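Q: These are the residues of each chain, in order.
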Amino acid sequence: MLDGTAQALIQGVLLGGYYAIIAAGLSLMVGVVRFINLAHGDMAVLGALVTITLTQVLGMPVLLSILLMLPLMGLLGWVMHAVLFERAMKGGLLLPILVTIGLGAALQNAMFGIWGSDTRSLGADIGSLAWEGWFLPGGIILGKLPVIVFCVAVLVIGGLHLMLRRTKLGRAIRATASDREAAEMCGVDAARAHRAAAAIAVALAALAGVFLAMRAQVTPYSGPAQLIFAFEAVVIGGLGSLGGTLIGGIVLGVSQSLGGLISAQASLLTGHLVFVAVLIWRLGRDWSADHGGWHAGLVAQLARRVGRRESGAEQ
Amino acid sequence: MMHDKGMTPSSQTRADCAPAVLEATGLVKRYGSLRALDGVSFRVRRGEAVGIIGPNGAGKTTLFGALAGSFPVSTGDVRFGDRTITHESAEARSRLGIARTYQVPRPFLGLTVFENVLVAAQAGGRNGRDGAADLAASVLGRTGLAGLANTPTAAIGLLDRKRLEVARALGTKPQVILLDEIGGGLTEGELHELIALIDGLKAEGMTIVWIEHILHALLKVIDRLVCMAEGQVLAEGDPREVMENAKVRRAYLGSDPE
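Protein sequences appear in the order of chains Y and P.
Take the first sequence: its letters are residues 1 to 315, numbered as in this note's numbering.
Take the second sequence: its letters are residues 1001 to 1258, numbered as in this note's numbering.
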């Protein structure tokens, strides 16, 4: 039992790496561009299907397919932002949501048109990587693929963090996020900074999609579920915090993995429940921060209760 | 219009001979039925320091926005040197050499003080990697912010934020700097430092346009004064003569000349 728990815990942490990669792009867009791309999951699937085609139809090595696909998807992100997202952002809060939901539907149906509805996988193309692992003491098995995915996740999050902190582009992206008009006044090309962020976000989604196709299957309609996982990881980790996104991914992965110990069906449900619990906790914390700290909130609650009993009006 | 009436031989300085570096003609900016700018023509010559005064709502800050490209104007033209920049973006104008500060500081929160200036120094790629960092450091030293270089901007006070506005503008290596009420709220000593800084910029040949309510600070630096009211230029010319102008006294100082 204890071994099972430890195994599930480790698998959950490693699974969290996958969630962190798909969430990183979303986190970047939400945190610094203030744009929510609801087609993020569909972009991941597109990246996976393109890689599968390059590998299985054109016969390229998987790694080469990925290296070819990533810049293509980055370019797609750049163009999407230039022609679509930028305009949508000018239209208030609702328009980006409508536009990207529409984009997601269009992408799903376009992929269905091109690739059909078959489930596809890269599992057969990566050889022993798909099933090999290291055996740890206590009967714990460490899958090679999940370990690689997790390491990539750490590199991706660390790289993004360094890019934002240390590079000219990163500082321009952060300045634009803080005050777009003032940034432009300083000569920053805000539109370019946003397009670059969108390119990175879409490329990262596509990378996550490839890992999904390696460990499982994808269909043209797999995107929305992945979007939800990405969102959950972002929210659990805290909006706009990249390091938080990695932790959010791990929390989600561990929750699902431990939930899977109860029953196979409880796995996803546990992840969602943990997400909802964190969301409620965050909302409550923010509410009390706005009302003078959690203890002040507690005092206010008590006062309200006492007040009700004494039918006083104090708060 | 009293544009040229205010100009007398006594106000002729060496700058008068130089061509206008920044020139606006017939600027109109409408917000609905309100005319924030109502036919403003304004020019500043290379190396000149011009002050702008006027009651609240006179359109001073709107004029800055129009010059710096923060928004499109309804009609009118803006020229910089010998090119028309009416339809250029704020970013393009910044790269051409026009910098502006905000009356209410707008620092990039989440960046350090140094990074705020570095963003400006790096944008446009006119400075190499080291050049930009050196420029940012020297600008911080000049504006008295060197000690705060690595402090997050969110943690600095109003005065330092005002300094940072100037530092960030200088980071873009401007030819023309538009200063919007940077003297407000300073102590006498700090005001002195500020005047010394602006005087220093002027001595280096920078063109300065300064909106300020603190007249004695303004008068120490400027060559020429423009008074605006209700979206129009009321008077311009020699600072003392503008201050004596009857219309100016009525509109700005709220008193009729005796």
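In case anyone wonders, no lab produced these hints; they're calculated from the structure.
Nothing here was measured: the structure is a model prediction, and the numbers come from that model.
Backbone N, C-alpha and C define an ideal beta-carbon position, used for all residues, glycine too.
Where hints are given, some of them may not hold.
So, partial list: chain Y residues that the calculated Cβ filter (under 7 angstroms) puts toward chain P [claimed, not checked]:
| hint | residue |
| --- | --- |
| 1 | Asp3 |
| 2 | Leu169 |
| 3 | Asp179 |
| 4 | Arg180 |
| 5 | Cys186 |
Q: For each hint, tell me whether it holds in the structure or not.
A: Evaluated hints:
1. Asp3: 45 angstroms, violated
2. Leu169: At about 10 angstroms, which exceeds the 7 angstroms cut-off, the nearest Cβ of chain P leaves the hint on Leu169(Y) violated.
3. Asp179: Asp179(Y) check passes; min Cβ-Cβ to chain P is 5 angstroms, inside 7 angstroms.
4. Arg180: 10 angstroms, violated
5. Cys186: Result: holds, 4 angstroms to nearest chain P Cβ.
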